[in-house]
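Okay, here's what each chain looks like letter by letter:
Protein chains: 2
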Amino acid sequence: MKQKNANYDSGCPIAFALSVFGDQWSLLIIRDMAVKGVHTYGELLNGWEGISTNILAQRLKHLEETGLVTKRRDPENWRSFVYELTQKGRDLAPVIAEIVLWSGKYNTAEHAMMGTVEKVQADRKSFEVKIRNGDLP
Amino acid sequence: MKQKNANYDSGCPIAFALSVFGDQWSLLIIRDMAVKGVHTYGELLNGWEGISTNILAQRLKHLEETGLVTKRRDPENWRSFVYELTQKGRDLAPVIAEIVLWSGKYNTAEHAMMGTVEKVQADRKSFEVKIRNGDLP
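Chains as they are written, first to last, in the numbering used here: chain E, 3 to 139; chain Z, 3 to 139.
Keep in mind that the hints were calculated from the coordinates and are not lab data.
As the structure is a prediction and not an experimental result, all values here were calculated from the model.
Wrong hints could be hidden among the right ones.
Since copy identity is lost for identical chains, a pair holds within one copy or between any two.
Stated by the list, open to error - Below, in silico cross-link-like pairs of lysine-lysine (BS3-like), each with a Cα-Cα straight-line distance of 25 Å or less: (1) K107 with K63; (2) K107 with K90; (3) K90 with K127; (4) K121 with K90; (5) K127 with K63; (6) K73 with K107; (7) K73 with K121; (8) K63 with K121; (9) K73 with K127; (10) K132 with K107; (11) K63 with K90; (12) K90 with K73; (13) K127 with K107.
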């Protein structure tokens with residue numbers, strides 16, 4: 003069954019944001035760059051959640067088109083590329099922080115990763131500032 | 003082309019949150035309840051972004067199963083139902099606030115709705131408290 007896409011053009015700020023990063027994968031890609039410090043296609047492909055190569059390529063293209071990610075040649079390996087968050091992408095830091103806090107409260111799974119949750123609980127400001135500056139939080 | 007679903011079971015707090023509300027539609031449904039004060043199936047169906055009835059039914063079911071939404075008989079019309087956010091759902095208030103602020107910064111569309119953006123910019127705390135209390139912000 004083909005699913006109808008949302009008419010994100012409603013002008014609503016939530017709908018606008020979802021048109022940029024509101025699918026299953028985009029925010030995980032942004033997380034990999036912002037929090038895990040991942041910058042190559044290969045590293046993104048080997049993320050925790052098992053993204054497929056066609057979806058990764060499609061999402062990266064969309065994130066580039068919407069100005070959240072830039073792509074440039076790797077100066078150390080001219081055949082490959084480096085992906086980086088733009089300021090617009092790094093400005094999602096407070097959204098990421100709030101999502102992490104919410105999950106810390108409600109994810110009761112035994113294998114829930116609590117490291118980042120505890121980091122944000124202890125010093126949310128510094129977590130955000132580091133992402134905004136392009137450092138690893 | 004069938005798209006592979008993310009293995010949300012990684013334990014990462016971002017992945018956990020996306021497993022609950024990280025699709026195109028769920029956060030718009032949550033927005034309708036939290037910010038627009040919408041509580042019936044018909045009202046949700048007539049939202050700004052044009053959701054179809056099968057997707058709305060599917061997403062509401064998922065939001066119920068994950069504990070963000072409750073469904074009960076409408077005391078004023080026994081044949082219909084009222085949908086409401088639980089505390090877990092209302093606790094997304096800060097996530098919503100940060101998304102609204104980010105979009106306010108980056109949505110340059112002429113028809114961008116700025117009312118909520120200005121409300122959050124002026125008094126984010128009160129916006130969040132109202133959602134958390136189940137009032138309209």
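Hints, one by one, checked against the model:
no.	hint	result
1	K107 with K63	between (33 Å within a copy, 22 Å between copies)
2	K107 with K90	between (27 Å within a copy, 9 Å between copies)
3	K90 with K127	both (18 Å within a copy, 24 Å between copies)
4	K121 with K90	both (23 Å within a copy, 22 Å between copies)
5	K127 with K63	neither (31 Å within a copy, 36 Å between copies)
6	K73 with K107	between (35 Å within a copy, 23 Å between copies)
7	K73 with K121	neither (29 Å within a copy, 36 Å between copies)
8	K63 with K121	neither (31 Å within a copy, 33 Å between copies)
9	K73 with K127	neither (28 Å within a copy, 37 Å between copies)
10	K132 with K107	both (23 Å within a copy, 20 Å between copies)
11	K63 with K90	within (16 Å within a copy, 34 Å between copies)
12	K90 with K73	within (14 Å within a copy, 38 Å between copies)
13	K127 with K107	both (19 Å within a copy, 19 Å between copies)
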